[in-house]
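Taken in sequence, the protein lines are chains B and S. When you number the first sequence by our numbering, it's gap-free, plus one each residue, and the end is 259. When you number the second sequence by our numbering, it's gap-free, plus one each residue, and the end is 1286.
Treat the hints loosely; a few may be bogus.
[Unchecked claim] Stretches of chain B that chain S covers, calculated by requiring three or more beta carbons in the stretch to come under 8 Å of a beta carbon on chain S: (1) 57-67; (2) 131-139; (3) 172-179; (4) 183-193; (5) 197-210.
Simulated from the structure, these hints should not be mistaken for lab results. For each residue, glycine too, the CB sits at the ideal point set by N, CA and C.
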Amino acid sequence: MKQVNKKTTPVKKSFVKKKEEQPAVISAALLGDELLLQEYAKLFEENRITVFFEKSLPANAKKITYAFELTTADAGTKKKHLQLFEKLLSPETPIISSSITQTLLEQMQWMQHKERLVGIGAFPTLIENSAVELTTTFHTKSEIADAVQNFFAAIKKEACFVQDSVGMVMPRILCQIINEAMFAVQYGIAQPKDIDEAMKLAMQFPLGPIEWGEKIGFKNIVDVLDALHSFTKEERYKVSPLLRRISLAGVFWNSHSSR
Amino acid sequence: MALSIGIVGAGTMGTGIAHYAALHKCTVALYDINDEVIRRNIERMNFEMKKSVDKSKISEEEMKQAMQRIKKRTNINDLDTCDIIIEAVLEDVRVKKDLFKKLDQVTHHTTILATTTSSIPIAAIASATKKPERVIGTHFFRPAYSVKLVEVVKSIATSDDVVRQTTDALKQIGKKPIIVKDSPGFIVNRISSLFFSEAVKLMQEGISSVETIDLLAKKSGGFKRGPFEQMDLTGNDIHLALTKSLFEQTSFNPRFAPAFLQKQMTELGQFGKNVKKGFYTYEDSL
């Protein structure tokens, strides 16, 4: 049997030309949540991309070719970071900003040069794999979107564009799975370690939902679900009380414990 | 002493369990009311085992011995010597209750009566027997001869001793049992229903396409299959039935609401890969 009419987002043909036009040294400025900063910095450094963090940013602003804002939930911090980029970087430098709890369009309201903003589904653990999800709005210049797509193609990440919406695609699906697993723990349906084992054995999930939640950070899961609930007003995004308690307590959830 | 397993229903699931148990040195009594169904599915099992021999997963001798351990049965009274009886018949509460009522009468009172149901409450099936403490769920996953996981579902009436004996029996046949409370969708169907329904919702809201969501699930999430590919493979009709059952059993919890699109697809017969039309269109390779 052969599947037909399946399409993937092709890498733009212009990439070959663009590659020649790109500066010899690619550099990226990174601001945002600690866990995401670590993941993105590791990936970029492995691909010989020079990385600048907040402290070294002002002195190296002219060298920066791409800027990443990787704050998942704190709108105040995100706004401050985006405005700092705008103040320091040239107006043509693409800014790629996490758009999971605030839509890209909302973030554009804080910016003078909206046209260089591209959204990304930056969520812990996802950048380790081979595709990234991006989003744009009608303000985004197509040249900027192409440049960001080419940037990721150069480091062997397939860029998939989705509509600008809270949770985007994978973070939204993952948060729902993890939330349901926490409901199951709360209702005493099974032990956390058994839930993880079951989903890996029966559904071939790459990680069990609870261990995945630990890696992502339960606060991030709650933030995304709260944003989805607030945005859609739908009951299905209500956070499991156990998940919220664990997130608020900030305690490490040991998935192999029976507690 | 070798475990003696009775299997009621010689369809794909029942035969898959028989296949696995026989390879793990259990005596298997495979029962069905239709002799032809047993013969046909034992032939298929023979074919699957031959494939394993060709791939050197098992030896010819192991295959021969396994096939000898499987006994065809068309009289339900012949299951009276089994340690555990696993029911794998139609997913219909009335059919299962009638069967358990009969099994309750013809088997020894210590025999464990297990059901492979994926959606019917174990307590509902157990209510047809005089000893509900010996009724338990053993939810196997397809294909039963290769997926190790079995959800062992304990109803409020199931005794701890029956849970222990069932998990021991499953370990003996090489399975990985996990104990689950009798609740809607148990664990796997409950959690995976969100994987599927959220994907359908994203597509219906126009956030992304079927193809891109599947691609992201595999290449960004690291899942083996995308949600739409998986639904097409399992069957949209089966998915819809599971979701409907979850929705009803959870008193219409909106997290489990069936997608309108899936209802329409099922009505139009777009069940998935089996019928070459589902979320994707399939054609025969040349």
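### Task
Tell me if chain S covers the region 57-67 of chain B under the three-residue, 8 Å CB rule, please?
violated (count 0)
### Coverage assertion for the region 183-193 of chain B with respect to chain S, Cβ distance below 8 Å, three residues required
With 6 residues closer than 8 Å to chain S, the region 183-193 of chain B meets the three-residue bar; holds.
### Query
If you look at each residue in the region 197-210 of chain B, do at least three have a Cβ nearer than 8 Å to any Cβ of chain S?
holds (count 11)
### Message
Cut-off 8 Å, C-beta pairs, minimum 3 residues; does the coverage of the region 172-179 of chain B by chain S stand?
### Response
holds (count 6)
### chain S covers the region 131-139 of chain B, three or more CB atoms within 8 Å, holds or violated
With 3 residues in contact (Cβ-Cβ under 8 Å with chain S), the coverage given for the region 131-139 of chain B holds.
Of the hints listed earlier, the one the structure fails to meet is number 1.
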